[in-house]
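*Asks:* Turn these sequences into a full structure, and let the hints guide you.
Protein chains in written order, with the working numbering: chain S, 333 to 448; chain L, 4 to 158.
These are calculated hints, taken from the structure and not from any lab test.
A portion of the hints provided could be inaccurate.
Here are some of the chain L residues that sit facing chain S, going by a computed Cβ distance under 10 Å [to be verified]:
#, residue
1, D15
2, I17
3, T20
4, S21
5, V22
6, L24
7, M25
8, F28
9, V76
With a straight-line cut-off of 35 Å between C-alpha atoms, the simulated DSBU-like cross-links for lysine-lysine are [what the hints assert, rightly or not]:
#, chain 1, residue 1, chain 2, residue 2
10, L, K19, S, K433
11, L, K112, S, K433
12, L, K19, S, K404
13, S, K373, L, K68
14, S, K373, S, K436
Think of the CB as a built atom: it goes at the ideal place given N, C-alpha and C, for glycine as much as any other residue.
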Amino acid sequence: MTILSVLAIILILSGLFFFLAGTIGLLRLPDFYSRLHAAGKCDSLAAVLMIAGMAAYNLESFSVGALLVSAKLFLIAAFVFVTSPTATHAITEAALVLGVKPWKRTRGRQAGGKRS
Amino acid sequence: MRDIHEHTAGEDLIIKTSVRLMVPFIQVFGLYVIVHGHYSPGGGFQGGVILGASFILLALAFGMKTSQEYMTVSANAVLNNLGPAIFIGVGVLCTLFGGLFLDYSALDKLIPLGPVEWRSFGIFLIEVGVGVAVMSIMVLLYWNLSSGGAMDEGL
Numbered sequence: 333m334t335i336l337s338v339l340a341i342i343l344i345l346s347g348l349f350f351f352l353a354g355t356i357g358l359l360r361l362p363d364f365y366s367r368l369h370a371a372g373k374c375d376s377l378a379a380v381l382m383i384a385g386m387a388a389y390n391l392e393s394f395s396v397g398a399l400l401v402s403a404k405l406f407l408i409a410a411f412v413f414v415t416s417p418t419a420t421h422a423i424t425e426a427a428l429v430l431g432v433k434p435w436k437r438t439r440g441r442q443a444g445g446k447r448s
Numbered sequence: 004m005r006d007i008h009e010h011t012a013g014e015d016l017i018i019k020t021s022v023r024l025m026v027p028f029i030q031v032f033g034l035y036v037i038v039h040g041h042y043s044p045g046g047g048f049q050g051g052v053i054l055g056a057s058f059i060l061l062a063l064a065f066g067m068k069t070s071q072e073y074m075t076v077s078a079n080a081v082l083n084n085l086g087p088a089i090f091i092g093v094g095v096l097c098t099l100f101g102g103l104f105l106d107y108s109a110l111d112k113l114i115p116l117g118p119v120e121w122r123s124f125g126i127f128l129i130e131v132g133v134g135v136a137v138m139s140i141m142v143l144l145y146w147n148l149s150s151g152g153a154m155d156e157g158l
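*Replies:* What follows is the structure, given as structure tokens:
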């Protein structure tokens with residue numbers, strides 16, 4: 333149990349936590365924008381955390397090849413960190429241009445509101 | 004790159020900046036996939052699709068005119084025909100030097116590298132042809148489909 337595998341476990345578990353939070357938000361939040369807000373933010377952070385955890389786990393048996401694989405994993409993380417928020421932004425903007433209405437809290441028993 | 008005309012969906016600063024950031028990396032990765040096709044997963048078709056997707060991304064973010072500044076319609080037509088020409092040309096060249104169609108070891112008589120090296124290198128030549136053809140056909144398909152065949156105003 334080296335320090336790198338402890339680091340890998342911590343990173344992957346926190347990545348799993350953010351994936352779980354994003355999935356719960358995707359299922360429970362009321363409208364399109366808030367669901368996308370949950371999915372976009374949590375998924376990009378969780379993907380980066382899990383890829384960093386995999387890179388740390390891969391470096392446990394150290395060699396030049398393992399270092400190269402970890403560098404490639406970090407490149408993937410950097411590109412995900414750029415492209416995933418951009419994709420979320422593009423989808424949200426398309427919805428806004430097409431006129432999807434944001435959710436508002438409704439009183440009484442109207443459709444759409446979860447409680448009161 | 005050109006500036007924006009008016010603000011519609013898909014044409015804003017965030018998308019443009021990240022596309023401008025990503026396209027060179029996508030193209031280098033596409034070339035890597037083509038060149039490494041016989042050592043690792045990938046090959047001519049996959050690399051060609053990645054290269055074509057970089058131009059499609061450019062057309063989506065900056066408009067079709069800008070993508071046609073980087074790959075002109077006439078260059079696209081030349082590449083459309085160059086890819087199959089490389090493929091067929093290498094195959095026919097093998098038959099001219101006494102082998103079967105696409106039997107690369109026959110090309111050893113043209114440049115003496117050894118038959119085994121020629122098999123590896125011949126696959127690389129074929130992959131380049133396939134990659135060029137797939138890239139230009141992908142871009143042409145996107146241009147035609149998104150403009151209804153007019154190839155002037157995209158999505």
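*Asks:* Is L:K112 close enough to S:K433, meaning Cα to Cα at most 35 Å?
*Replies:* Given that 35 Å is the threshold and the Cα spacing comes to 71 Å, the pair is violated.
*Asks:* Go through the hint on L:T20 and say holds or violated, using the shortest Cβ distance to chain S against 10 Å.
*Replies:* holds, 9 Å
*Asks:* A closest beta-carbon separation below 10 Å is what the hint needs, so does L:L24 meet it against chain S?
*Replies:* holds, 6 Å
*Asks:* Assess, step by step, whether the Cα of L:K19 is no farther than 35 Å from the Cα of S:K433, and give holds or violated.
*Replies:* holds, 26 Å
*Asks:* So if I understand the rule, the pair passes when the alpha-carbon distance is 35 Å or less; does S:K373 with S:K436 pass?
*Replies:* holds, 22 Å
*Asks:* Taking the least C-beta to C-beta distance, is L:S21 closer than 10 Å to chain S?
*Replies:* Since chain S brings a Cβ to about 4 Å from L:S21, closer than 10 Å, the hint holds.
*Asks:* Against chain S, with CB atoms and a cut of 10 Å, does the hint on L:D15 hold up?
*Replies:* holds, 7 Å
*Asks:* Keeping to a limit of 35 Å between CA atoms, is the pair of S:K373 and L:K68 held or broken?
*Replies:* Distance of about 33 Å is within 35 Å: holds.
*Asks:* With 10 Å as the cut and Cβ atoms as the points, is L:V76 at the interface with chain S?
*Replies:* With Cβ-Cβ at 27 Å, over 10 Å, it is violated.
*Asks:* Min Cβ distance, L:V22 to chain S: is it shorter than 10 Å?
*Replies:* holds, 8 Å
*Asks:* When the nearest CB of chain S is found for L:F28, is that gap smaller than 10 Å?
*Replies:* Status holds, d = 7 Å.
*Asks:* For the hint on L:I17, does the least C-beta distance to chain S fall short of 10 Å?
*Replies:* Since the shortest Cβ distance to chain S is 5 Å, the answer is holds.
The structure does not agree with the numbered hints 9 and 11 stated previously, though it agrees with the rest.
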